[in-house]
Amino acid sequence: MVNILIQMFSYPFLVRAVIVGLLVSLCAALLGVSLVLKRYSMIGDGLSHVGFGTLAIATAMNVAPLTISIPVCVMAAFLLLRISENSKIKGDAAIAIISTSSLAIGVVAISMTTGMNTDVCNYLFGSILSMSHADVKLSVTLSILVLGMFILLYNKVFAVTFDENFAKATGIKTDIYNMLIAFLTAITIVLGMRMMGALLISSLIIFPALTSMRFCKQFKTVTICSAIISIICFFLGVVGSYVYATPTGASVVIVNIGAFVLFWFGNLVRMKVNGVKSINGIEKRGIK
Amino acid sequence: MSLLICKDASFAYEGHTVISDLNFSVNSGDYLCIVGENGSGKSTLIKGLLRLKVPQRGSILMDEGLKSNEIGYLPQQTIVQKDFPASVYEVILSGRLSKMGIRPFYSKLDKTIAEENLVLLGIEHLRNKCYRELSGGQQQRVLLARALCATQKLLILDEPVAGLDPIVTQDLYKQIFKINREMGIAIIMVSHDVHSAVKYADLILHLKGQQIFFGKTSDYVKSSVGYGFLGGE
Numbered sequence: 001m002v003n004i005l006i007q008m009f010s011y012p013f014l015v016r017a018v019i020v021g022l023l024v025s026l027c028a029a030l031l032g033v034s035l036v037l038k039r040y041s042m043i044g045d046g047l048s049h050v051g052f053g054t055l056a057i058a059t060a061m062n063v064a065p066l067t068i069s070i071p072v073c074v075m076a077a078f079l080l081l082r083i084s085e086n087s088k089i090k091g092d093a094a095i096a097i098i099s100t101s102s103l104a105i106g107v108v109a110i111s112m113t114t115g116m117n118t119d120v121c122n123y124l125f126g127s128i129l130s131m132s133h134a135d136v137k138l139s140v141t142l143s144i145l146v147l148g149m150f151i152l153l154y155n156k157v158f159a160v161t162f163d164e165n166f167a168k169a170t171g172i173k174t175d176i177y178n179m180l181i182a183f184l185t186a187i188t189i190v191l192g193m194r195m196m197g198a199l200l201i202s203s204l205i206i207f208p209a210l211t212s213m214r215f216c217k218q219f220k221t222v223t224i225c226s227a228i229i230s231i232i233c234f235f236l237g238v239v240g241s242y243v244y245a246t247p248t249g250a251s252v253v254i255v256n257i258g259a260f261v262l263f264w265f266g267n268l269v270r271m272k273v274n275g276v277k278s279i280n281g282i283e284k285r286g287i288k
Numbered sequence: 001m002s003l004l005i006c007k008d009a010s011f012a013y014e015g016h017t018v019i020s021d022l023n024f025s026v027n028s029g030d031y032l033c034i035v036g037e038n039g040s041g042k043s044t045l046i047k048g049l050l051r052l053k054v055p056q057r058g059s060i061l062m063d064e065g066l067k068s069n070e071i072g073y074l075p076q077q078t079i080v081q082k083d084f085p086a087s088v089y090e091v092i093l094s095g096r097l098s099k100m101g102i103r104p105f106y107s108k109l110d111k112t113i114a115e116e117n118l119v120l121l122g123i124e125h126l127r128n129k130c131y132r133e134l135s136g137g138q139q140q141r142v143l144l145a146r147a148l149c150a151t152q153k154l155l156i157l158d159e160p161v162a163g164l165d166p167i168v169t170q171d172l173y174k175q176i177f178k179i180n181r182e183m184g185i186a187i188i189m190v191s192h193d194v195h196s197a198v199k200y201a202d203l204i205l206h207l208k209g210q211q212i213f214f215g216k217t218s219d220y221v222k223s224s225v226g227y228g229f230l231g232g233e
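So the protein sequences, as listed, match chains A and B. The opening position of the first sequence corresponds to residue 1 in my numbering, with each subsequent residue numbered one higher. The opening position of the second sequence corresponds to residue 1 in my numbering, with each subsequent residue numbered one higher.
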């Protein structure tokens with residue numbers, strides 16, 4: 001095991017990929033708790049598709065991918081947030097339209113320039129070779145930003161996530177916090193997308209939060225656990241992908257699925273032992 | 001002393017007036033129930049009182065001593081909360097948020113007040129329980145404790161007993177009545193349950209697109225509006 005790790009980290013590109021990946025999974029897990037609880041999981045998915053479109057266009061125009069992807073994704077994040085908040089438009093349908101449109105635009109842009117080659121596959125499913133020194137710097141900056149925000153604004157994020165109406169009524173500017181979360185999510189997705197793949201990146205946001213919600217009963221522990229679970233799963237995924245020569249993004253997702261099933265099953269067993277009938281109280285009371 | 005005065009206020013959505021000509025006032029220590037059928041503008045008025053919606057015409061004046069971060073609010077429950085992983089203590093403490101300003105963490109005073117409200121509502125044994133595992137009545141008590149953390153003057157409740165069984169409903173009404181009488185906190189409650197409204201409230205505001213009754217409960221029961229709405233008992 002130690003030999004494998006030493007061997008792995010003798011490749012500079014792998015070291016970069018692991019640093020960026022760990023930081024991105026940390027940020028994604030923290031943001032994910034709020035997004036999943038607010039029923040905004042699909043925003044993450046929509047954003048990754050928008051990211052794919054911008055990446056393809058940036059390649060076609062021969063400019064640095066992040067210079068286009070970040071601003072466009074941030075704008076898309078604000079748009080998606082607005083759509084989700086506006087009950088008149090069906091939020092999920094609008095997100096589906098935006099994500100499929102950007103996917104289509106991206107595919108056309110690629111086929112008109114380089115043709116449908118391995119690049120497309122790399123964009124969709126990720127490539128471990130794609131992390132540059134600039135990415136490392138950006139992801140370190142981003143993770144400091146997200147961590148700092150989470151610690152300083154933790155109580156406000158909790159209030160805005162748990163009960164937006166109450167928070168608004170007591171004079172908290174909930175829109176600002178929602179936009180901040182959307183903004184940071186967009187950047188996290190763009191950063192992680194090239195390694196994890198446009199189709200797989202949203203799993204980093206959703207899985208750790210869902211997994212930790214299986215067994216945690218406090219918001220604080222949910223947040224901390226999902227950060228830890230996310231980091232461990234990413235690391236195991238990367239090592240696994242190195243050992244078995246499987247694609248990194250998919251391997252990380254599979255480890256995440258494993259963790260989810262494990263905790264879900266563990267919780268089920270614990271419930272049986274304790275004689276509690278329901279997992280989260282919904283079944284117990286019925287939805288009123 | 002008036003806490004809140006509503007003067008000729010009207011509210012509209014996209015130019016379409018939902019409720020108009022509101023004229024009423026609430027003094028400190030009053031217990032006001034807002035009744036009316038669905039779509040009569042009750043929720044809109046609550047938004048106005050909470051300053052989440054600006055009146056189309058007229059005004060809602062707050063007394064100088066009452067700031068908007070001093071109103072306790074008990075909103076209707078959302079789907080998000082039904083399976084939210086948070087402890088009772090975390091939820092109650094979040095009621096202190098409006099007092100924090102830019103301070104990032106809770107002070108000792110915030111925590112003391114949260115503990116006091118836990119005891120006040122008789123839910124200290126639920127302190128570390130998960131919010132989603134509580135019964136409907138317990139959840140409402142938790143949210144009531146949170147609202148109390150935010151105020152010492154005025155509590156606004158939006159249908160607090162929706163979906164609760166009759167026994168729990170009566171318990172909650174009694175608790176709210178106790179808060180009003182013993183702590184002197186003014187109550188503004190939206191309610192569908194007009195019989196309980198006349199039982200506990202001092203004042204009744206009846207809405208139907210506009211204000212069709214405002215006054216003492218004893219007068220409301222005798223009035224033609226109240227007589228009709230109470231089912232002619």
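Calculated from the structure, these hints are not laboratory results. Hints are supplied without guarantee of correctness; some may be wrong.
[To be verified] List of simulated lysine to aspartate or glutamate pairs, DMTMM-like, C-alpha gap at most 25 Å: (1) Lys111/B - Glu164/A; (2) Lys82/B - Glu164/A; (3) Lys173/A - Glu124/B; (4) Lys168/A - Asp219/B.
Each hint tested on the structure:
For the hint pairing Lys111/B with Glu164/A, the CA-to-CA distance comes to about 22 Å; that is within 25 Å, so the pair holds. Pair hint Lys82/B plus Glu164/A holds up; C-alpha atoms about 14 Å apart against a cutoff of 25 Å. Taken as a hint, the Lys173/A and Glu124/B pair is broken in the structure, with Cα atoms around 31 Å apart against an allowance of 25 Å. A threshold of 25 Å between alpha carbons decides the hint, and for Lys168/A with Asp219/B the separation of about 36 Å lies outside it, so the pair is violated.
Checked against the numbered hints listed earlier, the structure breaks hints 3, 4; every other hint is satisfied.
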